[in-house]
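Asker: Sequence:
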Amino acid sequence: MLDQNILGLLIQQIKTDFNLTDAEAGLLLGPTQAIFYALVAVPFSRYIDRWTRKWIIAGGLIVWSLATAASGLAANFTQLFIARVVVGAGESVNGPTAYSMVADCFPRDKLPRAVSTLQIGSVAGSGLSLLLGGLMIWLVATLGSPDLPIVGIKVKEPPRHNLRLKTRNAGFKKTISYLWLHVAVFGPMFLGLTVGSLDAGGRAWGAAFFERTYGWSPTQYGIVSGVVSIIAMLAGLYLGAKWAEWFQNRGDPAGAYRVILYTRLVAIPFAIMQPLMPTPELAMAFSSVAYLSLGMKYLFIYTVVGVGLAPFVTGLTTDFIFTSPDDLRWSIMLLHVVFLPAALAITWLGLKPFRKEVERLNAEDARVA
Numbered sequence: 001m002l003d004q005n006i007l008g009l010l011i012q013q014i015k016t017d018f019n020l021t022d023a024e025a026g027l028l029l030g031p032t033q034a035i036f037y038a039l040v041a042v043p044f045s046r047y048i049d050r051w052t053r054k055w056i057i058a059g060g061l062i063v064w065s066l067a068t069a070a071s072g073l074a075a076n077f078t079q080l081f082i083a084r085v086v087v088g089a090g091e092s093v094n095g096p097t098a099y100s101m102v103a104d105c106f107p108r109d110k111l112p113r114a115v116s117t118l119q120i121g122s123v124a125g126s127g128l129s130l131l132l133g134g135l136m137i138w139l140v141a142t143l144g145s146p147d148l149p150i151v152g153i154k155v156k157e158p159p160r161h162n163l164r165l166k167t168r169n170a171g172f173k174k175t176i177s178y179l180w181l182h183v184a185v186f187g188p189m190f191l192g193l194t195v196g197s198l199d200a201g202g203r204a205w206g207a208a209f210f211e212r213t214y215g216w217s218p219t220q221y222g223i224v225s226g227v228v229s230i231i232a233m234l235a236g237l238y239l240g241a242k243w244a245e246w247f248q249n250r251g252d253p254a255g256a257y258r259v260i261l262y263t264r265l266v267a268i269p270f271a272i273m274q275p276l277m278p279t280p281e282l283a284m285a286f287s288s289v290a291y292l293s294l295g296m297k298y299l300f301i302y303t304v305v306g307v308g309l310a311p312f313v314t315g316l317t318t319d320f321i322f323t324s325p326d327d328l329r330w331s332i333m334l335l336h337v338v339f340l341p342a343a344l345a346i347t348w349l350g351l352k353p354f355r356k357e358v359e360r361l362n363a364e365d366a367r368v369a
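Using this note's numbering, the first residue of the sequence shown is number 1, and each one after it goes up by one.
Everything labelled a hint here was simulated from the structure, so no lab data went into it.
In this text the structure is predicted, and so the values were computed from the model without any measurement.
Do not take every clue at face value.
Said to hold, decoys possible - Now the in silico label distances, taken between C-beta atoms and shown as ranges:
id, residue 1, residue 2, range
1, ASP109, TRP348, 18 to 28 Å
2, ALA366, LEU118, 19 to 29 Å
3, ALA184, LEU39, 21 to 31 Å
Unchecked claim - Subject to a maximum C-alpha distance of 20 Å in a straight line, what follows is the list of computed EDC-like cross-link-like pairs (lysine to aspartate or glutamate):
id, residue 1, residue 2
4, LYS15, ASP319
5, LYS174, GLU364
6, LYS110, GLU359
7, LYS156, ASP104
8, LYS356, GLU245
9, LYS356, ASP109
10, LYS110, GLU24
11, LYS156, ASP49
12, LYS173, ASP365
13, LYS15, GLU359
14, LYS54, ASP104
15, LYS15, GLU211
16, LYS174, GLU157
17, LYS242, ASP252
18, LYS356, ASP252
19, LYS110, GLU245
20, LYS352, GLU211
21, LYS110, ASP365
22, LYS174, ASP49
23, LYS15, ASP326
24, LYS242, ASP109
25, LYS54, GLU157
26, LYS110, ASP252
Backbone N, C-alpha and C fix where the C-beta goes; we use that ideal spot for every residue, glycine too.
All chains, full assembly: derive it from the sequences and hints.
Answerer: Right, dumping it as C-alpha cells:
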C-alpha cells in the first residue's frame, strides 16, 4: 500500500517532472498495476491450490519490492509505466494466496472477522503512506529495498481443509463454466463491485483534488488524510465484520453481501457531495464516511478492473470533458453520480441468488462432513 498511495499523493510533482496530462497521470495511478494484476492473478491462482502458499507470497514480495525500487529510478514516463506494471505483477499473487491461507485457518462463521484482521495491514499501510509520503520527495518515497522472504521462513503453511479441493482441481475452463452456470449469482456481484469501484478515482486523485481546489500541500493532505483513513477504515473493518457476523448468527447466509449493499447505500450521498464542499475540513469529513465504507468493503472481492480503470477514467474526464485541471472536482463528482447508484442497483439484483447458492453449498458441505 505504501508504494501505491505515495504515487497518488505526489502525482502533481510527478506530472510536473514528466510534463504529463491528467490522462497520462491516470494511467500511472491505475491501469499500470491492473494490467499485470489481471493477467497474472487469474491464471496464477490455480497454482495456489497446488504449491506451498507461503513461498508464493515471498516471491511476490521480492518482485514487488524490486519493481518499486525501479520506479524510483525511472527517468521518463515509459520507464515509470513499465516499473508500475511489474509492481502489479508482484502484488497480484499476494491477495488470492493470503485469502486461501486464512480460509484454511478459521471456521466459516469466523471468516468475516479473520479477513478484516488480514486487511488491517492494508489499512495501516494506506494511512502510513499518506502520513509519510507528504514529507518525502517522490523519488525517495518510491525507492525501496527488496523484502527478504521472511514470510516464507516465519509463517507456517496451514493444512488444506477443503476435501473437494484435495481430490481434484477444477481447472480454469471448469471454473469459467461454473461461473457461467451460476451467472445469476456471480454476474451482479462482479459487475456491481466493478462498477462501484470506479469511485476509487476520487481517492487516487485525492491529493491533487485538495491541492487544486483548496490549496493544500501534499504534506497537509498526507497528515490529515492519513489519520482520518486509519481511524475510519479500521472502524469500518471492525464494524463490517461484526455486522456480517450478526447477520450470519441470525441465520442469514448472505449477511456479508448485505453489508456491502447497505454501506454503499449510506456512502453514496456523501461521496457525491464531497467534491462540492466549500472547505477542505468539510470535504475531509465527508471522505471519512467513504473511508468507513471502504473498510467494510474490504471484506469482499478486490475489483481490479474498477480500481485500475478509475484513476485513468477520472483523468480522461478532466482532460476531455471539463478540459481544465481545475475542474477535477467535477470529474470526481460526475463519476460518483453515474457509477455508484448503478453499482448499488446491479449488486442488489444478486442478493437473492447469492443467498440460495450459499445455502446450497452449506448443505453440500454438511453432507461431505
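Asker: Confirm or reject the claim that ALA366 and LEU118 have a C-beta distance inside 19 to 29 Å.
Answerer: This hint holds: roughly 27 Å between Cβ atoms.
Asker: Check the hint pairing LYS156 with ASP104 against an upper bound of 20 Å on the C-alpha distance.
Answerer: holds, 12 Å
Asker: Is it true that the CA of LYS110 sits at most 20 Å from the CA of GLU359?
Answerer: Answer holds: LYS110 to GLU359 is near 17 Å, not above 20 Å.
Asker: Does the alpha-carbon distance linking LYS15 and ASP326 stay inside the 20 Å limit?
Answerer: Holds: LYS15 and ASP326 sit about 14 Å apart, inside 20 Å.
Asker: Could you grab the alpha-carbon distance between LYS15 and GLU359 and see if it respects the 20 Å cut-off?
Answerer: Violated, at about 51 Å.
Asker: Mind checking the alpha carbons of LYS110 and GLU24 for me, to see if they're no more than 20 Å apart?
Answerer: Not satisfied, since the Cα-Cα distance of roughly 43 Å exceeds 20 Å.
Asker: Hint check: LYS54 vs ASP104, CA-CA at most 20 Å. Holds or violated?
Answerer: holds, 13 Å
Asker: Keeping to a limit of 20 Å between CA atoms, is the pair of LYS174 and GLU157 held or broken?
Answerer: Status violated; Cα separation ~27 Å.
Asker: Range hint 18 to 28 Å: satisfied by the CB atoms of ASP109 and TRP348?
Answerer: Holds: the Cβ-Cβ distance is about 25 Å, inside 18 to 28 Å.
Asker: So if I understand the rule, the pair passes when the alpha-carbon distance is 20 Å or less; does LYS173 with ASP365 pass?
Answerer: Outside the cut-off at roughly 23 Å; violated.
Asker: LYS356 and ASP252: Cα distance at most 20 Å?
Answerer: holds, 10 Å
Asker: Would the hint linking LYS242 and ASP109 be met if the CA-CA limit is 20 Å?
Answerer: holds, 11 Å
Of the hints listed earlier, those the structure fails to meet are numbers 10, 12, 13, 16 and 20, in rising order.
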